[in-house]
Amino acid sequence: MKYIDEYRDKGLVRLFAEEIKKISTKHVKLMEVCGGHTMSIQKFGIPDLLPSTVELISGPGCPVCVTSRGYIDQAIAYCRLADVIIATYGDLIRVPGSTSSLEKERALGADIRIVYSVLDALIIARENRSKKVVFLGIGFETTAPGSAAAIIKASMAGLRNFYVYSAHKVMPPAMEALIDEGVQINGYLGPGHVSTITGEKIYYDIPKKYGLGVVISGFEPVDVMQSILMLVQQIESNQPKVEIQYTRVVKPEGNIKAQQMLEEVFEPRDDWWRGLGVLKDSGLKIRENYQAHDAEKMIEVVVEKTIEPKGCICGLILKGIKKPKDCKLFGTVCTPSDPVGSCMVSNEGSCAAFYMYNR
Amino acid sequence: MCLSIPARVDEIEGNSAICTVGNSSYKASLELLTPEEVQVGDYVLIHTGFAIQKLDEVDAMETLKTFNDFKTLNEQMDQEEKDNNTHLI
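Same order as they appear, the protein sequences are chains V and C. Taking our numbering, I'd label the letters of the first sequence as residues 1 to 359. Taking our numbering, I'd label the letters of the second sequence as residues 1001 to 1089.
The following block holds chain V by itself, in its conformation from the complex (with noise of 0.2 angstroms):
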């Protein structure tokens, strides 16, 4: 398939493997925080590519994973009521809440329906007018528009009986985040979908204020390969700075139009992580102007109190400190067909793609 086969040359993956290996001298952690990469990264078998020099590290990248018990146990709240339907995205239907998860609700009789956009929950309120269609708005800046737009739509159309549950943060809070904690990273590998909306301004300040360079990557083979040598050149020449390796994709100044947007239907608020804690200006809030859209202002709802799971490590792992292999649940008593933390539930969290790949 154009833009995919080309760029999973084995001889170029090896080229580019033998290159990092000719320049590299110092001992570098590289973070990638972008669930895909961390899937691509396991998939195909990047660690072992590379000299004992570079090491990888997964970040929190994985939306689902980042997302507290306490707005699944909400959304379970949410799907109780006998005038709601909940459309959400796949990832969500299986992650634990306190006492319950969406799947389990699902069997028990509430109406909770995977979409594959929000379009087609627009769609599912549209022919549900007696009904109210709460969308659970999970994602980083490459799917937050996708939401506003939604929410642009339904007011514009009069759909008062859409309302959006969001959770959707974004992504430059988190990685300063982890640097300011003392998580010992030498550079990131930059989210390529994050960033082909956002554009690379979002990351200057990683330079600047850290001296870490950030190259935005693609999600191919050869991609990672390349971003891990640019990325290996700044730190031995010492000249950290962002760079985009994803030319195909990443603009410097992003998707002008989605970012409107963004701006448009949110605003930033703190926002709380799963191993990061509350990271100030991390989250996206509906404005006022749209908060007949806004499940949180417009649906009144008892939510059960949060329980964390014991034993799990998944906010250390997020962190990059712990690798999943150091958590006594990982492959016992949690798996991807049973898991206890949200790491293993959905497919890019560091858990599960080690699981599939690696174990």
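Bear in mind the hints are in silico, worked out from the structure with no lab data behind them. Possibly wrong hints are sitting among the right ones.
[Claimed, not checked] No farther apart than 25 angstroms at their CA atoms in a straight line, the calculated lysine to any residue pairs in the SDA-like style are these:
hint, chain 1, residue 1, chain 2, residue 2
1, V, K22, C, M1077
2, V, K22, C, N1074
3, V, K10, C, E1075
4, V, K325, V, K10
5, V, K257, C, D1059
Bear in mind the structure is a predicted one, so any value in this text is a computation, not a measurement.
Fit chain C to the given chain V structure using the hints.
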């Protein structure tokens, strides 16, 4: 979650496009792009039903050319090393 796939635009109808990925067809909204930006035959990146960016053929070709130059240079250096029985790097 942020997974996106490159797809070829086959038809445009108002604000949406019918796109092909491999042998499958998808409908994608063009609302996050400016209308004049996309034409039939272009490749776009689809994420959760929205085209979020047009792929830049010139940049893609440029990257591939760089890759190929890199490959050629490496082959030449390997050959030189073999011929002279030396290590260049």
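Checked hints:
Between V/K22 and C/M1077, the direct Cα distance comes to roughly 14 angstroms. Compliance with the 25 angstroms bound is thereby established for this hinted pair. For the given pair, V/K22 sits about 12 angstroms from C/N1074 by alpha-carbon distance, which is consistent with the 25 angstroms threshold. About 15 angstroms separates the Cα atoms of V/K10 and C/E1075, which keeps this hinted pair within 25 angstroms; it holds. With a CA separation close to 28 angstroms, the supplied pair V/K325 and V/K10 exceeds the 25 angstroms bound.
For the proposed pair V/K257 and C/D1059, the alpha carbon gap of about 21 angstroms is at most 25 angstroms, so the pair holds.
Hint 4 alone, counting from the list given before, is not met by this structure.
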